[in-house]
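**Q** So the sequence lines, in the order shown, correspond to chains P and B.
Residue numbers for the first sequence follow our numbering, so the first one is 3 and each next one is one higher.
Residue numbers for the second sequence follow our numbering, so the first one is 23 and each next one is one higher.
Treat the hints as calculated values from the structure; they're not laboratory data.
Treat the hints loosely; a few may be bogus.
[As the list claims (entries may be wrong)] With a straight-line cut-off of 16 Å between C-alpha atoms, the simulated EDC-like cross-links for lysine to aspartate or glutamate are:
| # | chain 1 | residue 1 | chain 2 | residue 2 |
| --- | --- | --- | --- | --- |
| 1 | P | 268 | B | 269 |
| 2 | P | 99 | P | 188 |
| 3 | P | 268 | B | 103 |
| 4 | B | 141 | B | 77 |
| 5 | B | 294 | B | 269 |
| 6 | B | 50 | B | 60 |
| 7 | P | 138 | B | 56 |
| 8 | P | 42 | B | 336 |
| 9 | P | 184 | P | 145 |
| 10 | B | 144 | B | 77 |
| 11 | P | 234 | P | 220 |
| 12 | P | 138 | B | 60 |
| 13 | B | 261 | P | 256 |
| 14 | B | 261 | P | 251 |
| 15 | P | 268 | B | 336 |
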Amino acid sequence: MRNRFLTRVTVVAIGLCVAAVTLVTAQTPAYRAPRAPDGKPNLGGIWQAINTANWDIEAHSAAPSPVLELGAAGAVPGGLGVVEGGTLPYRPEALAKRNENRANRLKLDPEIKCYLPGVPRATYMPFPFQIIQSQKHIMLIHEYAGAVRTIYMTDQTEAPADSWMGWSNGRWEGESLVVDTKGFNDLSWFDRSGNFHSDALHVVERFTPRSADTLNYEVTVEDPKVFTRPWKMSMPLYRRVEPNAQILEFRCVEFVEDLLYGHLRKQPSQ
Amino acid sequence: MTSMKVTATFVIFVTFAIFVRAQAPAYKVPRTPDGQPDLQGFWSNATYTPLERPDNVTKEFYTPEEAAAAEKAAAARESAETEPGTVADVHYDFTQFGLDRSQATLARSLRTSLIVDPKNGKLPPITAEGKKILAARAEEAKRLGGRWDSAQSNQLDDRCIIMAGPGPPMMDAAYNSNYHIVQAPGYVMILTEMIHDVRVIPLDGRPQPPAAVRQWMGVSRGRWEGDTLVVETTNFNGKNPFRGSTENMKVIERLRRVADDTIEYNFTVEDKSMWVQAWSVEAVMRKTAGPLFEHACHEGNYGLYNTLVGARLEDQKAAEGAAKKDSK
Numbered sequence: 003m004r005n006r007f008l009t010r011v012t013v014v015a016i017g018l019c020v021a022a023v024t025l026v027t028a029q030t031p032a033y034r035a036p037r038a039p040d041g042k043p044n045l046g047g048i049w050q051a052i053n054t055a056n057w058d059i060e061a062h063s064a065a066p067s068p069v070l071e072l073g074a075a076g077a078v079p080g081g082l083g084v085v086e087g088g089t090l091p092y093r094p095e096a097l098a099k100r101n102e103n104r105a106n107r108l109k110l111d112p113e114i115k116c117y118l119p120g121v122p123r124a125t126y127m128p129f130p131f132q133i134i135q136s137q138k139h140i141m142l143i144h145e146y147a148g149a150v151r152t153i154y155m156t157d158q159t160e161a162p163a164d165s166w167m168g169w170s171n172g173r174w175e176g177e178s179l180v181v182d183t184k185g186f187n188d189l190s191w192f193d194r195s196g197n198f199h200s201d202a203l204h205v206v207e208r209f210t211p212r213s214a215d216t217l218n219y220e221v222t223v224e225d226p227k228v229f230t231r232p233w234k235m236s237m238p239l240y241r242r243v244e245p246n247a248q249i250l251e252f253r254c255v256e257f258v259e260d261l262l263y264g265h266l267r268k269q270p271s272q
Numbered sequence: 023m024t025s026m027k028v029t030a031t032f033v034i035f036v037t038f039a040i041f042v043r044a045q046a047p048a049y050k051v052p053r054t055p056d057g058q059p060d061l062q063g064f065w066s067n068a069t070y071t072p073l074e075r076p077d078n079v080t081k082e083f084y085t086p087e088e089a090a091a092a093e094k095a096a097a098a099r100e101s102a103e104t105e106p107g108t109v110a111d112v113h114y115d116f117t118q119f120g121l122d123r124s125q126a127t128l129a130r131s132l133r134t135s136l137i138v139d140p141k142n143g144k145l146p147p148i149t150a151e152g153k154k155i156l157a158a159r160a161e162e163a164k165r166l167g168g169r170w171d172s173a174q175s176n177q178l179d180d181r182c183i184i185m186a187g188p189g190p191p192m193m194d195a196a197y198n199s200n201y202h203i204v205q206a207p208g209y210v211m212i213l214t215e216m217i218h219d220v221r222v223i224p225l226d227g228r229p230q231p232p233a234a235v236r237q238w239m240g241v242s243r244g245r246w247e248g249d250t251l252v253v254e255t256t257n258f259n260g261k262n263p264f265r266g267s268t269e270n271m272k273v274i275e276r277l278r279r280v281a282d283d284t285i286e287y288n289f290t291v292e293d294k295s296m297w298v299q300a301w302s303v304e305a306v307m308r309k310t311a312g313p314l315f316e317h318a319c320h321e322g323n324y325g326l327y328n329t330l331v332g333a334r335l336e337d338q339k340a341a342e343g344a345a346k347k348d349s350k
């Protein structure tokens, strides 16, 4: 009798353990981020991508520098690409334009002229950016060119005008900050390889904490004038953990004046 | 007994009245969820009040009537400068595009000058070293040539490098003098509309970076002293002199919300290389309607490009004219 009772207890106990393990396993994938004072996941901090997406969001091999004098310092590191499915679904005429952009990138890439980077390029340029998170507004402050985005969490409106960085409205979906951005002009690129968009661009970004010091960054890009279907890219973003980390000035306008206006300098002979 | 009672009641009443009166002006500053005094929102520091007191004014404050008259006169001068047909009008018709201050949210004050120290409302005298620095700057400007000789010989705002808004200190930018303040634990962020310049001010008491790090807007460190945000900024690059300042300038700003629609904005400028003494300003920021728009100044800077093209065409014409004269 006693043994049978013990057996029964053991079976029930094992059963409970299995149930508990199953339950825990089903719930573990979601990392729960520390909370902001308003109870939302706290995304505050200085973040940076570590990849070669700014060179080319598609997979690419290492390549020589387009500027002879820069030698190995200006050469392109290879990359596995960040685009889901590997290749961008360009319309045929748009693909031709991309290739033309690529061939003339020293003349055409907005980054070379210190122009605002657009979205999502701002996020994965080789510069840090800071998230300042309040209840009403979440600010993305980029070191490159002092680019800044305001994400409206409560006082949301349609884009009042087209702009380089677009007009962003945000919402929380569980642990993710979802940012819906429209109202772009057609002047920014996705990378240094001529991948581009039109003013019909619609970007939806998801910032999801995946550990104390990393975020998952997933982007859905829609632009029917340039692409045959919406496409996605994703990458981790890493926290700059240096205790003294801060966004410094990269006020590059001054660095490109000779490039843009040097040929208009008064000649001494005149 | 009755009269004593009446007297006592009167005394209590008067005491209460005085107490209420004394308490009434104390504005209770709202708090952010993490407990900081809440400065968040959209603000304007557009003002017609000059930094220095006009020569013909001797008092510190105008009466409300005098202030209104001074504002009206300043607005009239501003609109006359940009009247159709004038040079400034070719640049922008301020009134048409709502860029004149009279169409902005004005941060009014009865002060006759923003400077409160020195007491005469004027910048302090310049040091001997400061005079040498100013002379060297004038030499350098001469070396760069005329305004339209190159991009670099233009003013910083025409080049879309930096304008008056972000400072520090933050000053009226002639138009679009708008700011957006957002706070998060450990930080106050101030976005200036002009050239989307952002100040991210850490509040954690971290030290300034090494002296080798120099920035247009310097490097700012903040702290709360009661309800007042105190921000100290050094590490300037000195390429954007504020009324003559050098890279040794230190700016101490104090921001305190004194009403739902008003931030008191006071600052002190220390720069022993330029002035014999520190000087101080008392100004205000007034709540304004948001949002701020993207001011992509450099990206749309056709003005600088076209003017340089025009200047080189003028050079060419002049050279051709001279050649013709020679051949005669």
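**Q** Let me make sure I understand: some of the numbered hints might not hold for this structure. Which ones are they, in numerical order?
**A** 1, 3, 8 and 9
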